[in-house]
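Engineer: Now for the letters of each chain:
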Amino acid sequence: MVDNMEPPPHILVVDDDREIRDLLSKFLERQSCRVTAARDAREARRLWPLGRYHLVVLDLMLPGESGLEFARWLRSQSDVPIVMLTAMSEETDRIVGLELGADDYVAKPFNPRELLARIRAVLRRASGEGNSTQEPPAKAIRFAGWTLEPARRRLLNQDGVEVPLTGGEYELLMVLVERPNRVLTRDMLMDLLRGRQAGPFDRAIDVAVSRLRRKLEDDGRNPSLIKTVRGGGYVLAATVEKAAELPQGLALAGGTAP
Amino acid sequence: MIRRLLPCSLAGRTALFLTLALMLVQAAGLTIHALDRLDLQRIMLSREVSTRAFIFWRTAVLASPDRRPTMLQEVDLMRGLRADLSELPAVRPGMPPPPLGLAELFQVKQWRTLPPHLRPRTLLVAGGPTMRDLVVASQLPDGNWVNLWLSVPVLRPWHSSAFLVAFLLMTGAALALILWATRRLTRPVSALARAAERLGRDVNAPPLPENGPREVATAARAFNTMAERIRRFVGDRTQMLAAIGHDLRTPITRLRLRAEFLDDDEQRRKMLADLDEMEAMVNATLAFARDDAATEPSVPLDLAALCRTVLDEAADARPELTNEAASYEGPERLRIRARPMALKRALANLVGNALNYGGTVRILLDGHGSGAESSLVRMRVEDDGPGIPEDCLEVVFQPFRRLETSRNRETGGTGLGLPIARNILRAHGGDVVLRNRQQGGLCALVTLPA
Ligand SMILES: Nc1ncnc2c1ncn2[C@@H]1O[C@H](COP(=O)(O)OP(=O)(O)OP(=O)(O)O)[C@@H](O)[C@H]1O
Ligand SMILES: [Mg+2]
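Read top to bottom, the protein sequences are chains A and B.
Here the first sequence stands for residues 1033 to 1290, numbered as in our numbering.
Here the second sequence stands for residues 27 to 476, numbered as in our numbering.
Looking at chain A on its own, in the form it has when it is part of the complex (with noise of 0.2 Å):
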């Protein structure tokens, strides 16, 4: 199914649950990966060094060495994808895999289609934009005063007041906020859209765009934060900026508990 990429990707599966493992394993090679699979860190840090791996599946819930401490090790050594496997109630090691720089998760008990869907979204991406990962994942992204936070997909106004989105408004503002003051055709956003988002982008454009103006307080009338172009497009007409370290007051207002 992977089949413009000419050599099948190889995985690198980190899951302590050997049935899992298997599984996972037979799946991946059904769909023409390459799999090695690792029962710990430790024995993960062995393979490690041995293949030339395309992504690491790692479950953050490891015996001994607990897969956070295996992912930041792994961002020393490489730029390698990392999808997450978290349990929903890990938020806060969810919150700091993404800080730390894995590119997606999937909650556990997941859905091995969804995963793979989320795989061949990081691949592509990991693939089709090259250098770009190699930079830190942006903590911060500010535009027209307002602050999105990708580890928690959040959105703030310029009072740190949270403005919840949906998922789809979400990834729509995503989208805008990375290619800012570039038009963006209704097409290029089904496109951009569905290789971030598992499943379809089920509303059209235009109405996740009115959504998304109402809640960025932008004047659908005669909006002049996401313009319209004639021709059918969208542009974010607003200057983009990037913060490794989140603002000091944003910090403590969303702070975790420990």
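No wet-lab data here; the hints were simulated from the structure.
All residues carry an ideal CB built from backbone N, CA and C; glycine is no exception.
Please note: incorrect hints may appear among the correct ones.
As the list claims (entries may be wrong) - Short derived list, chain A residues pointing at chain B, Cβ under 10 Å:
(1) Phe1059
(2) Glu1123
(3) Val1195
(4) Ile1258
Please build the complex by placing chain B with the ligands on the supplied structure of chain A, with the hints as guidance.
Structural biologist: Just chain B with the ligands, lined up with the frame of chain A:
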């Protein structure tokens, strides 16, 4: 009637009874004191009356008969004393005898023992029209009579303003003291009531201080022991649920993977659907058991945007719905402090119920009210469905409780949506209750502190 006048607080009632009793005692005490003083006053006034009467008499005796009328004109009389000079005595046969004690009071007897040149030739004494009057007729040496009408002055104790002032002052002081004391004494009782109320909302509420008077300390200790036992009970149950939920995740993951290797597409689809349902149950159970609301930090949040987000996500998840099925009415922005993920979950549960059982959903958000209500944000989540029988409106908040009607409808819920929503809202200091709407359908009334 009396019931309605009775204050409803313990302190109020105690204060009222104590004050009434004290007023009674005071009134009695002050009256006794006043009567006592009056007696003295009456004696003194009577003495004065008799002294003046005697002066009148002496003037009459010592004056020469021709100058007598003018001299007598100059003698000061007073209230309670009338006198005249006449050829006839004012005491006639047939008049009542002098009232007992009055003759002594006016010292009439002493007139008989006066020195000879002052002593009346004849002294007639009789009672007047009332028991307070005395008529004295004494004959001058020339045969004329000096007639004296003496009466005991009437005194009205309650006419003294000092009495009223004293009464009011003392009552006021006593009232203040009593109010202060009863408030103090009943404070532990209201503290106990408040603690019990808090425990009902949050099992982890802080314990009561075990100090104060012996009875109060004992009650507080008993209460704390009970709270501790409830806490342990709830904790055990929660831990068990969490453990089960946690352990189920691995087998569900395995089954999902295994299902991918099934060749029969139909069977695989069904198996995956079952697994989805199981996962939803596990997640709900975990959410209920873990009580995330307690650990998530509170941040400033736009509640209006949250409502829209929850509605949009619910509508997106149900593509078969029309655009009007989920609507929002309220302010564009409403800033509150809350735990975003927990609150979102609570609202999503209410919105999900409205859509599952009613087919439509409307969120009506009230801005910050005014006056005393300004500290509360009110929200209604309404649908046009069948509603819930009146006697089940509270019952459905019990965990795992689903109504028969919904079991038959294959909506496939766990029965944890409402209890989770209520736990979260209460942890925020708010609450949620259900009401059937008059026009049909259910309304969830949500309150949140602003
Ligand atoms: N809007 C509504 N209209 C009619 N009945 C309702 C409504 N909301 C709740 N109920 C009744 O209350 C019961 C309990 O609701 P609750 O949300 O706790 O559980 P559930 O919806 O059955 O399962 P889930 O855990 O998936 O939410 C429901 O089973 C349903 O019978
Ligand atoms: Mg429900």
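Engineer: Against each hint, give a clear statement of whether it holds in the structure.
Structural biologist: Hints versus structure:
1. Hint status for phenylalanine 1059 of chain A relative to chain B: holds, with the closest Cβ pair at about 5 Å, below 10 Å.
2. Given hint, glutamate 1123 of chain A at the interface with chain B, holds; its Cβ is 8 Å from that chain's nearest Cβ, closer than 10 Å.
3. Annotation: valine 1195 of chain A was flagged as interfacial toward chain B, and the flag holds, the nearest CB pair being 5 Å apart, inside 10 Å.
4. Restraint check, isoleucine 1258 of chain A versus chain B: the minimum CB separation of about 16 Å is more than 10 Å; hint violated.
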